[in-house]
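Engineer: For reference, the chains in residue letters:
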Amino acid sequence: QQQVKQSPQSLIVQKGGISIINCAYENTAFDYFPWYQQFPGKGPALLIAIRPDVSEKKEGRFTISFNKSAKQFSLHIMDSQPGDSATYFCAANGGYSTLTFGKGTMLLVSP
Amino acid sequence: GAGVSQSPRYKVAKRGQDVALRCDPISGHVSLFWYQQALGQGPEFLTYFQNEAQLDKSGLPSDRFFAERPEGSVSTLKIQRTQQEDSAVYLCASSSDRAGELFFGEGSRLTVL
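Chains as they are written, first to last, in our numbering: chain A, 1 to 111; chain B, 1001 to 1113.
Hints were generated in silico from the structure; no laboratory data involved.
Quantities reported herein were computed from a predicted structural model and do not represent experimental measurements.
The C-beta atom is built at its ideal place from N, Cα and C for all residues, glycine as well.
A hint or two may mislead.
Negatives, chain A to chain B, calculated, CB over 10 Å [unchecked claim]:
1. Leu-11
2. Gln-14
3. Ile-18
4. Ile-50
5. Asp-53
6. Val-54
7. Lys-57
8. Gly-60
9. Arg-61
10. Ser-69
11. Lys-71
12. His-76
13. Asp-84
14. Phe-89
15. Leu-108
With a straight-line Cα cutoff of 27 Å, these simulated DSSO-like cross-link-like pairs (lysine-lysine) come out [what the hints assert, rightly or not]:
16. Lys-42(A) x Lys-57(A)
17. Lys-103(A) x Lys-15(A)
18. Lys-1014(B) x Lys-42(A)
19. Lys-42(A) x Lys-1057(B)
20. Lys-1011(B) x Lys-42(A)
Generate coordinates for the entire structure from the input sequences, incorporating the hints supplied.
Structural biologist: Structure below.
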């Protein structure tokens, strides 16, 4: 059972554009929703996270939008840069569950 | 050290060999996690330790997989009688608590021939 579904699988965005990655979850006990960024040959690193008491969180060019009723959340990268090219994973946990990851989105920002 | 350290970074094993992968977490982190990441996939949970206690091993795919953290610091993931389907990157992460931010190591890439 895939508890966190992520789309798209890959994404190409021009420099300066907006990158949008979406995730949906099933477990209503989830109460922590982070996004991780992974470069080739490296481990995932936390980018930004949100809890369901707010609908949006912004840190620099990165914004999480959260829709509790739809059980969906998304990552928006504004003014995308070539250095943002990486694989992005949404994740979720809560209750007694450990962090569950989506399958990832490979983002390529073209110069 | 400043981050989570894993060794070896790369391991090639013949089918049927036993392997041991080591994780040195961030000092003071009580929570330690092992994840398996297949090529092009997201990390899949294997097991979780709080200090030396293994509180969750529900993700271990078979009884060939065994993990320990005897003194509540360094952890070892052991895979016995390796199979080709065990080929993956094994990621270790530590955290100050179970629900907090996970800090990942760079992983150990296992290739089983």
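Engineer: Compare the structure with each hint and give your call.
Structural biologist: Okay, the hints, checked on the actual structure:
no.	hint	verdict
1	Leu-11	holds (15 Å)
2	Gln-14	holds (24 Å)
3	Ile-18	holds (23 Å)
4	Ile-50	holds (13 Å)
5	Asp-53	holds (15 Å)
6	Val-54	holds (17 Å)
7	Lys-57	holds (14 Å)
8	Gly-60	holds (17 Å)
9	Arg-61	holds (20 Å)
10	Ser-69	holds (23 Å)
11	Lys-71	holds (18 Å)
12	His-76	holds (20 Å)
13	Asp-84	holds (19 Å)
14	Phe-89	violated (5 Å)
15	Leu-108	holds (15 Å)
16	Lys-42(A) x Lys-57(A)	holds (26 Å)
17	Lys-103(A) x Lys-15(A)	holds (24 Å)
18	Lys-1014(B) x Lys-42(A)	holds (25 Å)
19	Lys-42(A) x Lys-1057(B)	holds (24 Å)
20	Lys-1011(B) x Lys-42(A)	holds (16 Å)
In this structure, only the earlier hint numbered 14 is contradicted, and the remaining ones agree with it.
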